[in-house]
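Visitor: Spelled out from the first residue to the last, the chains are:
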Amino acid sequence: MFFVLELDKEIELPPRFFGPRLRETLEQKLHSEVEGTCSGAYGFIICVVSTESVSKGIIREGTGSASFNVKYKCVVFRPFRGEVLDAVVTQVNKVGFFAEAGPLQIFVSSHLIPEDFELTTADEPSFVSADGEVRIQLGSEVRLRVVGTRIDASDIFCVGTIKEDYLGVIGDPQA
Amino acid sequence: MADGPVEEEENAAELKLGKVFQEAQAFTNSEVALLLRQYVDSKKQVDPNYQLTPMLKKTQQYVETFSYTKNPDAAENIRTMLDKYQLSAFEIGAVVNLAPNDAEEAKFLIPSLGNQWSDEELQTMLADLATYKKFE
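In order, the protein sequences belong to chains C and G.
One point on numbering: in my numbering, the residue at position 32 of the first sequence is 32, and numbering is uninterrupted.
One point on numbering: in my numbering, the residue at position 99 of the second sequence is 99, and numbering is uninterrupted.
These are computed hints drawn from the structure, not numbers from a lab.
We put the beta carbon where it would ideally sit given N, CA and C, even for glycine.
Please note: incorrect hints may appear among the correct ones.
With a straight-line Cα cutoff of 25 Å, these simulated SDA-like cross-link-like pairs (lysine to any residue) come out [unchecked claim]:
no.: 1; chain 1: G; residue 1: Lys58; chain 2: C; residue 2: Glu12
no.: 2; chain 1: C; residue 1: Lys71; chain 2: G; residue 2: Asp47
no.: 3; chain 1: G; residue 1: Lys43; chain 2: C; residue 2: Gly171
no.: 4; chain 1: G; residue 1: Lys57; chain 2: C; residue 2: Glu115
no.: 5; chain 1: G; residue 1: Lys16; chain 2: C; residue 2: Lys29
no.: 6; chain 1: G; residue 1: Lys84; chain 2: G; residue 2: Glu104
no.: 7; chain 1: G; residue 1: Lys58; chain 2: C; residue 2: Gly36
no.: 8; chain 1: G; residue 1: Lys84; chain 2: C; residue 2: Lys9
no.: 9; chain 1: G; residue 1: Lys57; chain 2: C; residue 2: Gly171
no.: 10; chain 1: G; residue 1: Lys43; chain 2: C; residue 2: Glu6
no.: 11; chain 1: C; residue 1: Lys9; chain 2: G; residue 2: Asp83
no.: 12; chain 1: C; residue 1: Lys29; chain 2: C; residue 2: Lys73
no.: 13; chain 1: G; residue 1: Lys133; chain 2: C; residue 2: Pro173
no.: 14; chain 1: C; residue 1: Lys29; chain 2: G; residue 2: Lys133
no.: 15; chain 1: G; residue 1: Lys107; chain 2: G; residue 2: Asp83
no.: 16; chain 1: G; residue 1: Lys107; chain 2: C; residue 2: Lys29
no.: 17; chain 1: C; residue 1: Lys9; chain 2: G; residue 2: Gln25
no.: 18; chain 1: C; residue 1: Lys71; chain 2: G; residue 2: Glu23
Here are some, though not all, of the chain G residues that point toward chain C, as calculated from beta-carbon distances under 8 Å [as the list claims (entries may be wrong)]:
no.: 19; residue: Ala12
no.: 20; residue: Phe90
no.: 21; residue: Leu98
no.: 22; residue: Asp102
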């Protein structure tokens, strides 16, 4: 799920930036330091949408740099255990398949794919239902439930299932 | 596995999202798509050579693919409409993103809905939502 959060960050600037464009420089530095990062607590920080406030700078002893506490609002993506979400299949192999929901990687083991799906390796590897109607292959859109999350300091990885009612393939690869 | 005890207790099915996200403002994919489009446009205006971070690019692709509506007015109306049902922020996001066809499906995908709402109420809500469905 996507959220908008208010977070804060200490930004340090060397003295040559102390001037009329100080705030602009701070904002630029904030964007480049936080966007595209991932933290276990807050999830993937997609982009900073606004800067709420900037504290007075505190000069660091020895270096002459000043550090500012910047409060900002940002769009984050954070998965939760039990959450149902849609994802796009990025890789199929004999142990299951990988899918991506935006920045997030999700693995669905073959044990968590309904039993009537068989792996075929002809052409490109894919899981095909017994009646041959449904195919899980590269680019397929699937709806899955997150059953586990592994949250490290700087990365989030999920394990999902499609072995439940209303889950599974919702769209074929887009041409 | 998890770093601390907080992670262990998270469970979206019971709306346990942890301290940070319990009160946070959740956004639907369509709203995020709009927001990112505006964000990238404004960045490109300032700097025509602006490069999206790989994460931003992936996210934008994802929300464009899985957004319920591409119409900004519809996205806003849906929020106003769902606000009157007093769902939690997370539930609103999930209902719009997953757009279940009936009450049964809704309760399966978003179990917390079943605790508060009767099937009839859910059905009305989903019917309301379906009126905004994009025409393709």
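Visitor: Does each hint hold? Answer for all of them.
Guide: Evaluation of the provided hints:
| no. | hint | verdict |
| --- | --- | --- |
| 1 | G:Lys58 with C:Glu12 | 29 Å, violated |
| 2 | C:Lys71 with G:Asp47 | 24 Å, holds |
| 3 | G:Lys43 with C:Gly171 | 33 Å, violated |
| 4 | G:Lys57 with C:Glu115 | 35 Å, violated |
| 5 | G:Lys16 with C:Lys29 | 34 Å, violated |
| 6 | G:Lys84 with G:Glu104 | 21 Å, holds |
| 7 | G:Lys58 with C:Gly36 | 11 Å, holds |
| 8 | G:Lys84 with C:Lys9 | 36 Å, violated |
| 9 | G:Lys57 with C:Gly171 | 21 Å, holds |
| 10 | G:Lys43 with C:Glu6 | 21 Å, holds |
| 11 | C:Lys9 with G:Asp83 | 32 Å, violated |
| 12 | C:Lys29 with C:Lys73 | 15 Å, holds |
| 13 | G:Lys133 with C:Pro173 | 22 Å, holds |
| 14 | C:Lys29 with G:Lys133 | 40 Å, violated |
| 15 | G:Lys107 with G:Asp83 | 19 Å, holds |
| 16 | G:Lys107 with C:Lys29 | 44 Å, violated |
| 17 | C:Lys9 with G:Gln25 | 20 Å, holds |
| 18 | C:Lys71 with G:Glu23 | 18 Å, holds |
| 19 | Ala12 | 4 Å, holds |
| 20 | Phe90 | 6 Å, holds |
| 21 | Leu98 | 6 Å, holds |
| 22 | Asp102 | 10 Å, violated |
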